[in-house]
Amino acid sequence: HNRTRMVVSSFLTKDLMLDWRRGERYFMENLIDGDFASNHGGWGFGSSTGVDPQPYFRIFNPLRQSERFDPEGEYIRRWLPELRDVSGKAIHEPYSRGAAAIAQKNGYPKPIVDHAESRNRALERFKSALQK
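Heads up: the sequence shown at position 47 corresponds to 47 in UniProt numbering, and the numbers run straight through without jumps.
Honestly, the hints are just simulated from the structure, not real lab data.
Where hints are given, some of them may not hold.
[Stated by the list, open to error] So the derived label-pair ranges between C-beta atoms look like this:
(1) Tyr95 to Gly34: 28 to 34 Å
(2) Arg125 to Ala101: 34 to 40 Å
(3) Arg84 to Leu123: 17 to 23 Å
(4) Arg97 to Asp33: 20 to 26 Å
(5) Asp52 to Lys127: 17 to 23 Å
(6) Lys132 to Arg84: 20 to 26 Å
(7) Glu124 to Gly98: 31 to 37 Å
(8) Arg84 to Pro55: 34 to 40 Å
(9) Glu124 to Pro71: 30 to 36 Å
(10) Arg25 to Glu72: 17 to 23 Å
(11) Tyr95 to Pro71: 38 to 44 Å
If you're wondering where the values come from, they're calculated on a predicted model, not measured in any experiment.
Ideal placement from N, C-alpha and C gives every residue a C-beta, glycine not left out.
Using the sequences plus the hints, can you model the full thing?
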């Protein structure tokens, strides 16, 4: 799904500050519908480093994207079996919405970054690079 690809691109490059080429290569090697032009362009756009990129300050909030485009958690439950038993809105953020025990029992990892902190760090790096 294209929305998921955009969220992954934003998360890897802006929240985790990883080189966009790592994600681009992974997608090409693992997705069954890999198309070089579409994949390469999508990663350039999503990481704000391509020929026609989205503005650097456009940083997807994974939680908001999840709540907006999968409000009932159907996509999550289908593709993340570790969270199938989580009910209600906790599906989007189990560790802070009362479903930590289920998530832990099923092997779902805790968040690896705080999105607000990561977002601020990415914005500062982009601003600094643009001033040079």
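Verification of the supplied hints:
{"no.": "1", "hint": "Tyr95 to Gly34: 28 to 34 Å", "in the structure": "holds (32 Å)"}
{"no.": "2", "hint": "Arg125 to Ala101: 34 to 40 Å", "in the structure": "holds (37 Å)"}
{"no.": "3", "hint": "Arg84 to Leu123: 17 to 23 Å", "in the structure": "violated (35 Å)"}
{"no.": "4", "hint": "Arg97 to Asp33: 20 to 26 Å", "in the structure": "violated (33 Å)"}
{"no.": "5", "hint": "Asp52 to Lys127: 17 to 23 Å", "in the structure": "holds (21 Å)"}
{"no.": "6", "hint": "Lys132 to Arg84: 20 to 26 Å", "in the structure": "violated (48 Å)"}
{"no.": "7", "hint": "Glu124 to Gly98: 31 to 37 Å", "in the structure": "holds (33 Å)"}
{"no.": "8", "hint": "Arg84 to Pro55: 34 to 40 Å", "in the structure": "holds (37 Å)"}
{"no.": "9", "hint": "Glu124 to Pro71: 30 to 36 Å", "in the structure": "holds (32 Å)"}
{"no.": "10", "hint": "Arg25 to Glu72: 17 to 23 Å", "in the structure": "violated (33 Å)"}
{"no.": "11", "hint": "Tyr95 to Pro71: 38 to 44 Å", "in the structure": "violated (19 Å)"}
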